[in-house]
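Protein chains: 2
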Amino acid sequence: MSEVFDRLKAYLEKGNALSRAQILFEWDTATLAPKLADENTAQVVGILSDMYLNAYVNEDVKQCLKELEKEEEFGKLSFVEQVEVEELRKLVGRLEKIPPREYREYSELKAKSISIWTEARKQGDFAKFAPVLAKIIEFKKKFASYRMNPEKHSCLYDAVLEEYEPGFTVEKLDEFFGLVRRELAPFVKEVVPKAECVDKSYNAKFYEVGKQKKFNHMLAEYVGFDFEKGVMTESAHPFTTSLHNKDVRITNHYYEHNLESAIFSVIHEAGHGIYEMQVDDAFTGTLAGEGTSMAMHEAQSRFFENIIGRSKAFWKPLYGKLVSVFPEQLGEVGLEQFISAINKPTPGPIRTEADELTYPLHVLIRYEVEKLIFNQGVSVEELPNIWNEKYEEYLGVVPKNAAEGVLQDVHWSGGDFGYFPSYALGSAVAAQIYCQMKQSLPFEECLEEGRLEEIREYLKEHVHRFGKSKDTNEILKRMMGEEFNPNYYVKYLKEKYTELYL
Amino acid sequence: MSEVFDRLKAYLEKGNALSRAQILFEWDTATLAPKLADENTAQVVGILSDMYLNAYVNEDVKQCLKELEKEEEFGKLSFVEQVEVEELRKLVGRLEKIPPREYREYSELKAKSISIWTEARKQGDFAKFAPVLAKIIEFKKKFASYRMNPEKHSCLYDAVLEEYEPGFTVEKLDEFFGLVRRELAPFVKEVVPKAECVDKSYNAKFYEVGKQKKFNHMLAEYVGFDFEKGVMTESAHPFTTSLHNKDVRITNHYYEHNLESAIFSVIHEAGHGIYEMQVDDAFTGTLAGEGTSMAMHEAQSRFFENIIGRSKAFWKPLYGKLVSVFPEQLGEVGLEQFISAINKPTPGPIRTEADELTYPLHVLIRYEVEKLIFNQGVSVEELPNIWNEKYEEYLGVVPKNAAEGVLQDVHWSGGDFGYFPSYALGSAVAAQIYCQMKQSLPFEECLEEGRLEEIREYLKEHVHRFGKSKDTNEILKRMMGEEFNPNYYVKYLKEKYTELYL
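Protein sequence lines, in the order shown, are assigned to chains A and B.
Read in order, the letters of the first sequence are residues 0 to 501 in numbering that gives the first Met the number 0.
Read in order, the letters of the second sequence are residues 0 to 501 in numbering that gives the first Met the number 0.
For the record, the hints were derived by calculation from the structure and aren't laboratory data.
Keep in mind it's a predicted model, so treat the numbers as computed, not measured.
Take the hints with a grain of salt, since some may be wrong.
Same chains, same names: a pair is fine if it fits in one copy or spans any two.
[Stated by the list, open to error] Derived BS3-like pairs (lysine-lysine); straight-line CA-CA distance at most 27 Å:
(1) K459 - K34
(2) K13 - K213
(3) K61 - K13
(4) K311 - K134
(5) K193 - K8
(6) K13 - K96
(7) K8 - K111
(8) K370 - K399
(9) K13 - K111
(10) K212 - K34
(11) K121 - K213
(12) K134 - K315
(13) K65 - K204
(14) K493 - K204
(15) K437 - K134
(16) K389 - K228
(17) K34 - K437
(18) K171 - K188
(19) K228 - K121
(20) K204 - K311
(21) K89 - K127
(22) K134 - K13
Build out the structure end to end from the sequences listed, making use of the hints.
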């Protein structure tokens with residue numbers, strides 16, 4: 000028992016309660032709140048964020064953290080408490096550099112911006128979103144500049160990236176995306192023509208939304224999303240949020256003329272959700288009670304979406320059910336064709352609808368655009384053109400309008416710059432985990448027989464339960480004796496796509 | 000400009016943000032949150048409630064309020080600021096008497112108890128809810144005892160009642176319910192046999208929930224619930240909540256074999272919602288930014304539900320639409336029969352499904368039970384029997400089980416003791432407002448021609464816009480030169496039911 004920690008505990012509890020409240024408002028705004036609520040709700044969120052900042056950044060907390068630097072005091076703490084102190088130290092380090100007024104203004108801005116983006120996207124009108132985006136970028140630049148540390152950061156974007164993926168700097172990401180560009184871009188060009196003959200016209204037929212919802216609800220449950228600890232509703236852009244490990248929320252979005260979209264979104268978000276649900280109860284309500292990093296989070300969601308969800312073994316016991324829901328649309332489509340179709344590499348404008356192979360190129364584009372914004376000072380007005388040029392260069396497609404171009408992702412409206420690289424890193428981590436998992440589990444058999452709990456158990460044991468108490472590299476190292484290594488990813492994709500189409 | 004108020008403003012903003020967060024959690028728990036979330040969420044709510052208490056109850060706030068007692072300082076405030084200071088004074092007066100630890104424990108308890116009640120009610124198992132109820136009552140008794148003021152309260156229940164309807168003590172309510180018992184109970188006995196022949200068997204036919212939802216959504220919009228400022232979802236027990244006047248939420252509950260239930264719930268809740276939406280923007284985000292009292296709130300909801308919603312004039316332009324949604328079930332039922340049926344006085348066990356005439360008897364029962372709890376120390380275990388005996392006495396029915404008996408209402412699970420009388424008071428206030436409104440508006444014509452905006456405008460002008468800046472009696476006095484007078488209610492009911500059935 001440490002008296003110092005007891006003192007700290009009161010602040011930790013307040014900070015946690017205030018951040019949960021903000022998360023709930025964010026969820027509510029994205030899924031339910033009425034259109035005209037924004038302005039007043041944003042003020043409320045601004046005040047909560049201000050209190051949140053004050054709960055962590057104050058003299059008493061600093062004093063406690065200082066006292067806990069002493070080994071003998073730190074030694075009195077339980078393991079979970081030690082982890083929490085370390086997390087708090089990092090958090091305070093980040094927050095204390097931001098002037099409270101700016102933090103509050105930024106929080107208010109964010110609370111409004113998502114629905115401005117939603118509206119702008121609906122109308123395909125970038126000009127509607129541009130002024131807000133410019134303000135968000137201005138804040139992010141300022142905040143990153145406060146964090147700049149010449150020992151760790153060689154450019155402003157490094158400081159932006161650190162928020163989601165500590166240790167993954169532009170230097171490292173350039174290396175990673177260099178590999179993607181070198182190895183995968185030409186491979187895409189090789190595979191795409193070979194797969195062109197795969198007929199997936201069935202996907203654009205009419206699929207009644209009510210039936211889609213029912214099937215996808217079943218699917219979420221099937222892969223292991225526990226509806227006693229979670230809910231699923233709808234939003235413009237599917238996402239996952241978590242209040243704690245027994246209250247995890249995912250959303251989906253349904254299209255009448257796109258069957259795949261909702262199916263793979265739901266498996267993806269369920270992957271995020273299962274990660275949060277499987278964090279050890281010991282961490283619930285603490286700063287360590289969530290996934291360790293965005294790359295590791297995306298590793299889970301993309302593991303479920305692609306490695307599980309786009310495999311033949313997974314669909315063997317399931318595909319018949321899907322056909323029985325949509326017999327007219329799918330009656331003529333066999334399992335083999337379905338598998339070829341859901342993996343078909345098709346360069347297109349939309350990231351979230353991309354196949355597994357072209358996906359990293361979408362992320363590469365966002366990475367390059369964000370580098371331009373933060374390191375080259377490219378303006379908001381230039382973004383639509385830059386975006387379109389890069390799509391033409393890497394994917395050979397030009398977005399028809401801003402809705403399928405620069406406006407397509409929700410992330411920037413929420414201030415999530417520096418997040419995108421995690422998607423590609425996550426895919427790479429997923430491939431690495433997969434390689435290791437196959438050595439201890441009859442992976443295909445588990446899928447064919449619907450024994451997904453064995454896969455979930457493996458992930459829980461080796462990844463999920465640790466919450467933030469171990470970082471990405473520590474988890475990988477513990478699991479397989481090796482830190483992050485993107486070569487697994489290249490190998491995995493090449494093998495999979497060679498088998499499918501070459 | 001007052002520097003003192005500026006200082007106070009910071010606390011008011013915090014208190015408002017924290018109470019909005021708690022309201023959102025409460026809404027979320029009742030409508031969406033997963034089953035297993037409760038325990039952790041309750042902790043979060045407990046901490047938020049603790050911060051809420053601290054935001055208002057502290058030395059600096061007391062000091063500010065003291066300085067604002069000086070006329071010259073108070074005179075510097077705008078009208079809205081003055082109102083807010085008065086509201087804050089009352090609130091602090093109430094809150095400061097409660098020990099912070101008890102307040103937090105109570106808030107945590109409430110955050111869990113609604114879903115325990117929901118579960119218990121589903122299973123009709125009072126024993127599951129009894130221990131929680133006992134704890135809630137214990138807290139309410141304690142809190143009321145802290146508030147006890149011999150000058151205002153002649154018994155403990157007086158102090159309970161004050162929370163919702165200041166000025167309406169047991170003495171006054173005994174008088175009011177005495178009138179109900181004296182005038183209405185025998186009138187009910189006279190009317191019921193005469194109305195027995197009205198056939199409303201159509202109401203228990205099968206009505207597809209999807210179609211009900213669509214119709215009721217239209218109905219909410221038709222009576223004036225603005226979906227740009229509000230949302231409607233579902234919960235076990237219909238209710239209304241408001242984050243501010245541009246974010247008002249109502250719920251409904253649908254039954255496959257009861258058409259009326261959802262229809263009149265939705266009109267009722269929309270009435271509450273419209274009141275909140277029409278509070279003047281000047282009060283938004285302040286302590287005065289909501290309906291002035293629970294009786295006035297119920298006056299609005301019951302005005303919409305009964306005086307508008309159960310009138311022939313209202314259904315004239317609408318009934319055809321309802322028939323077209325359910326032609327098989329309603330094809331043979333004419334408008335006259337429908338009106339007779341939706342008003343048919345039928346003594347039954349469920350308050351929310353009661354007709355307008357027997358309704359006050361349901362409330363009378365709750366009033367008497369609550370008096371027994373707070374003034375006579377009746378125990379939780381005795382409640383089911385007492386409840387059933389009173390139902391037999393006043394309504395001649397015995398609930399088949401706890402779900403349609405003592406477990407039927409959500410209120411006690413949320414600690415809302417002392418609230419029920421407001422339902423009957425509200426009905427009486429509604430009748431009083433109606434009497435006045437008819438003198439300046441062609442009421443029936445407005446309904447027959449679907450011009451409900453004129454009725455809403457009248458209510459806005461004379462009631463809604465004031466928020467909490469005028470109390471119930473001030474509003475009535477301003478509107479018609481007379482304070483609360485229940486004789487309007489008796490007269491209204493007798494006239495209406497005489498015309499319908501005698």
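Now for the hints, and whether the structure bears them out:
1. For the homomeric pair K459 and K34, the shortest alpha-carbon distance between copies (22 Å) is at most 27 Å, but the shortest distance inside one copy (39 Å) is not.
2. For a Cα distance limit of 27 Å, the shortest separation of K13 from K213 qualifies neither inside one copy, at 39 Å, nor across copies, at 42 Å.
3. Taking CA atoms no more than 27 Å apart as the test, K61 paired with K13 passes in both settings, with 16 Å inside one copy and 23 Å between copies.
4. Proximity of K311 and K134 under a CA criterion of 27 Å is satisfied in neither setting, with 46 Å inside one chain copy and 55 Å between copies.
5. For the identical chains of this complex, K193 and K8 are neighbours neither inside a copy (60 Å) nor across copies (68 Å), given an alpha-carbon limit of 27 Å.
6. Taking identical chains as interchangeable, the C-alpha atoms of K13 and K96 lie at most 27 Å apart whether they share a chain (20 Å) or sit on different chains (23 Å).
7. Proximity of K8 and K111 under a CA criterion of 27 Å is satisfied inter-copy only: 23 Å between copies versus 32 Å inside one chain copy.
8. Taking identical chains as interchangeable, the C-alpha atoms of K370 and K399 lie at most 27 Å apart only when both belong to the same chain, with a minimum of 24 Å there against 69 Å between chains.
9. Taking the shortest Cα distances, K13 and K111 sit within 27 Å of each other both inside one copy (24 Å) and across copies (19 Å).
10. For the homomeric pair K212 and K34, the shortest alpha-carbon distances inside one copy (24 Å) and between copies (21 Å) are both at most 27 Å.
11. In this assembly of identical chains, the alpha carbons of K121 and K213 lie at most 27 Å apart whether taken from the same copy (26 Å) or from different copies (24 Å).
12. In the homo-oligomer, the alpha carbons of K134 and K315 never lie at most 27 Å apart, since the shortest distance is 49 Å inside one protomer and 53 Å across protomers.
13. Within a single copy, K65 and K204 get their C-alpha atoms no closer than 63 Å, and across copies no closer than 71 Å, so neither meets the 27 Å cut-off.
14. With identical chains, the CA atoms of K493 and K204 are never at most 27 Å apart, being 31 Å at best within one copy and 61 Å at best between copies.
15. In this assembly of identical chains, the alpha carbons of K437 and K134 never lie at most 27 Å apart, being 47 Å within a copy and 53 Å across copies at closest.
16. For a Cα distance limit of 27 Å, the shortest separation of K389 from K228 qualifies neither inside one copy, at 41 Å, nor across copies, at 41 Å.
17. For the homomeric pair K34 and K437, neither the shortest alpha-carbon distance inside one copy (48 Å) nor that between copies (35 Å) is at most 27 Å.
18. In this assembly of identical chains, K171 and K188 lie within 27 Å of each other by CA distance solely inside one copy; the values are 25 Å within and 85 Å between copies.
19. In this assembly of identical chains, the alpha carbons of K228 and K121 lie at most 27 Å apart only when taken from different copies (20 Å versus 32 Å within one copy).
20. For the homomeric pair K204 and K311, the shortest alpha-carbon distance inside one copy (22 Å) is at most 27 Å, but the shortest distance between copies (47 Å) is not.
21. Taking the shortest alpha-carbon separations for K89 and K127, neither the intra-copy value of 36 Å nor the inter-copy value of 45 Å comes in at or below 27 Å.
22. Taking the shortest Cα distances, K134 and K13 sit within 27 Å of each other only across copies (25 Å), while inside one copy they are farther apart (29 Å).
Of the hints listed earlier, those the structure fails to meet are numbers 2, 4, 5, 12, 13, 14, 15, 16, 17, 21, in rising order.
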